[in-house]
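Peer 1: Okay, here's what each chain looks like letter by letter:
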Amino acid sequence: MLTYILNRLGMMLVTLWAIVTLTFFLMHAVPGGPFVSERMLAPEIAAALNAKYGLNLPIWEQYLNYLGRILTFDLGPSFKYPGVSINSMIAAGLPVTLQTGLLAVICVVALGVPLGVIAALNRNRWPDTTVMFIATLGVAIPSYVIATVSIYVFALRLGWVPTFGLDDWRGYFLPVFALSGFWISFVSRLTRSSLLETLDQDYMTTARAKGLRKGQILIKHGLRNSLLPVVTVLGPVVANLITGSFVIEQIFALPGIGRQFVLSITNRDYTAIMGITIFYAAVLMLMILIVDLLYVWLDPRIKLTKATA
Amino acid sequence: MSAPILSVRDLATSFFTRRGEVQAVRGVSFDVRQGEILGLVGESGSGKSITCMSVLRLLKAGGRIKSGSATFEGTDILSLDEDALSDLRGNRIGVIFQDPMTSLNPTLTVGDQVMEAVRRHRKASAAEARARAIELFELVRIPSAAKRLNSYPHEFSGGMRQRVMIAIALACDPKLLIADEPTTALDVTIQRQILALLKDLQRRLGMSVILITHDLGVIAEVTDRVLVLYGGLVMETAPVRDLFARPAHPYTVGLLGAVPDLRDDTHKRLTPIPGSPPNMLSPPPGCPFTPRCPHAMAQCMAALPPLFGAAHQSRCWLQHPDAPKVDAIHEVAA
Numbered sequence: 405m406l407t408y409i410l411n412r413l414g415m416m417l418v419t420l421w422a423i424v425t426l427t428f429f430l431m432h433a434v435p436g437g438p439f440v441s442e443r444m445l446a447p448e449i450a451a452a453l454n455a456k457y458g459l460n461l462p463i464w465e466q467y468l469n470y471l472g473r474i475l476t477f478d479l480g481p482s483f484k485y486p487g488v489s490i491n492s493m494i495a496a497g498l499p500v501t502l503q504t505g506l507l508a509v510i511c512v513v514a515l516g517v518p519l520g521v522i523a524a525l526n527r528n529r530w531p532d533t534t535v536m537f538i539a540t541l542g543v544a545i546p547s548y549v550i551a552t553v554s555i556y557v558f559a560l561r562l563g564w565v566p567t568f569g570l571d572d573w574r575g576y577f578l579p580v581f582a583l584s585g586f587w588i589s590f591v592s593r594l595t596r597s598s599l600l601e602t603l604d605q606d607y608m609t610t611a612r613a614k615g616l617r618k619g620q621i622l623i624k625h626g627l628r629n630s631l632l633p634v635v636t637v638l639g640p641v642v643a644n645l646i647t648g649s650f651v652i653e654q655i656f657a658l659p660g661i662g663r664q665f666v667l668s669i670t671n672r673d674y675t676a677i678m679g680i681t682i683f684y685a686a687v688l689m690l691m692i693l694i695v696d697l698l699y700v701w702l703d704p705r706i707k708l709t710k711a712t713a
Numbered sequence: 008m009s010a011p012i013l014s015v016r017d018l019a020t021s022f023f024t025r026r027g028e029v030q031a032v033r034g035v036s037f038d039v040r041q042g043e044i045l046g047l048v049g050e051s052g053s054g055k056s057i058t059c060m061s062v063l064r065l066l067k068a069g070g071r072i073k074s075g076s077a078t079f080e081g082t083d084i085l086s087l088d089e090d091a092l093s094d095l096r097g098n099r100i101g102v103i104f105q106d107p108m109t110s111l112n113p114t115l116t117v118g119d120q121v122m123e124a125v126r127r128h129r130k131a132s133a134a135e136a137r138a139r140a141i142e143l144f145e146l147v148r149i150p151s152a153a154k155r156l157n158s159y160p161h162e163f164s165g166g167m168r169q170r171v172m173i174a175i176a177l178a179c180d181p182k183l184l185i186a187d188e189p190t191t192a193l194d195v196t197i198q199r200q201i202l203a204l205l206k207d208l209q210r211r212l213g214m215s216v217i218l219i220t221h222d223l224g225v226i227a228e229v230t231d232r233v234l235v236l237y238g239g240l241v242m243e244t245a246p247v248r249d250l251f252a253r254p255a256h257p258y259t260v261g262l263l264g265a266v267p268d269l270r271d272d273t274h275k276r277l278t279p280i281p282g283s284p285p286n287m288l289s290p291p292p293g294c295p296f297t298p299r300c301p302h303a304m305a306q307c308m309a310a311l312p313p314l315f316g317a318a319h320q321s322r323c324w325l326q327h328p329d330a331p332k333v334d335a336i337h338e339v340a341a
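Top to bottom, those sequences are chains C and W.
Residue numbers for the first sequence, in our numbering: 405 to 713.
Residue numbers for the second sequence, in our numbering: 8 to 341.
Please keep in mind that the hints were generated in silico from the structure rather than gathered at the bench.
Be aware that a few hints might be false.
[To be verified] Derived DSSO-like pairs: lysine-lysine, alpha-carbon spacing no greater than 27 Å straight-line:
1. C:LYS618 x W:LYS154
2. W:LYS67 x C:LYS624
3. W:LYS154 x C:LYS707
4. W:LYS130 x W:LYS154
5. C:LYS624 x C:LYS707
6. C:LYS624 x W:LYS332
7. C:LYS624 x W:LYS154
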């Protein structure tokens, strides 16, 4: 187990290095730079700035310098905001993103799975058709539509929640709802189909033939076996939600890292792009590792081997 | 002769599908006596499994019991509520299914699956349940029982898994064991071991067994009495020796003719029964075997024969006192 995890962590470093390299060279291949703007800088100032941030060096040297720096967990200074380091930029945005993201994750699990179970247990009756109708809408409607419509209805018309910001605890409702709406729908559909398949298995009949209670049959024998596909999607979903959404953070004016990531690209803020990419990649890979470990716990037929990922 | 432990009367079960009502069981009656092994034999779709699953009300989606009763130890199972019924299942009545590869939950240890049955019906601590599980594993002859409790089903062979299934079924010393094709999915050599085990356990524990199978060899080997089902009806019922010696229904005769005899070296060809079983969406009004029967008469098409006889019953118009005498009926096909 431990060797497996260490192995995987090693693989993650290799993958991270590949991502860093790819992003670095792609980024520099895009025309423009952090100090290019409508108002032309004097050539001397531009040269001085480039020299200060090491942008005058040959590209491979810049690359090696950057690699050396991230090995010490220093993501460098922002090119766009003088005096701000990328580490502090992520540290500032992350709590906001993490809060809304984790709340959204909780909603996805706490609503998506039970709704799917209710639908499956009432197959083709009204609770099923109702849940599936809403879930189909939830999957089909983009999050920004959910966000704007819910701002209009709940904030503007009904005045129940603020239109933006997180100063008030009620401010969390709409962004979390907009973030999780799609995934609640997705997970409930997945849970439903997976549970229906499980309920049809022979071992479910065996469980009934043992005289077990309904709840025990459903939870111990049914749910556990049908959660595998759900856990599979939850890994990337968690990574996605806790690293933020540009659209949602923009609409609700949340100072999260999702927004910073997109802004850094238009700004050509090289170190910010790199830093947030590395951060996102690391979170995603960690989540996938956790999912793989969960598999083993859920289904003992899955064995961890040294041959990895 | 002791009183029956299970009495099924006029049981009718249908599956309601998009294409209509499939009348899987159409009025089956039988008794299971204390300590006997009753064989239920028939082709796929004859209603043998559905009959037993109806008794336990373990039908798959769409299945519904339309009428009849099933009296087990004095209570009508078919009128029990779900709670009372689940008190019986796995406790007074144990079940073994056909495919041990799919009948065990792949994500739980076999020990857990045995123990949960024990703990459901007996006030047992975890340690007591564990001790009982070890005892059961030894009973069904799973070697190094204590160690194997922590194994998962995929770590067992088919025969060993079926032993686990038997251990689960026997967890609470049932009075009745329903074995639905317990050896069909196993290798021939393993089949023999499992059958011998079942027969031995039945004797030692003094329970009654309903053995469902399509294998007449299995019937001959272990059962005391046989019920031959066809088209959702009992066609013939008799003590096992009687059935093989003097089959009284052309369908039974046909079944016996389709079994190879290893002691016979005359290289006789097996005689299959021509045609195929009836469509249960619209079963014929008369005897369902008529289209395939070598002795079919006009009467067979017109009306369903009753069961003639007492200890050895046959649902065939040939058994009617006024029926023409057919010499060859007992002859196991030429």
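Peer 1: Would you mind marking each hint as holding or not holding in the structure?
Peer 2: Okay, the hints, checked on the actual structure:
no., hint, in the structure
1, C:LYS618 x W:LYS154, "violated (30 Å)"
2, W:LYS67 x C:LYS624, "holds (20 Å)"
3, W:LYS154 x C:LYS707, "holds (20 Å)"
4, W:LYS130 x W:LYS154, "holds (24 Å)"
5, C:LYS624 x C:LYS707, "holds (21 Å)"
6, C:LYS624 x W:LYS332, "violated (61 Å)"
7, C:LYS624 x W:LYS154, "holds (23 Å)"
Checked against the numbered hints given earlier, the structure breaks hints 1, 6 and satisfies all the rest.
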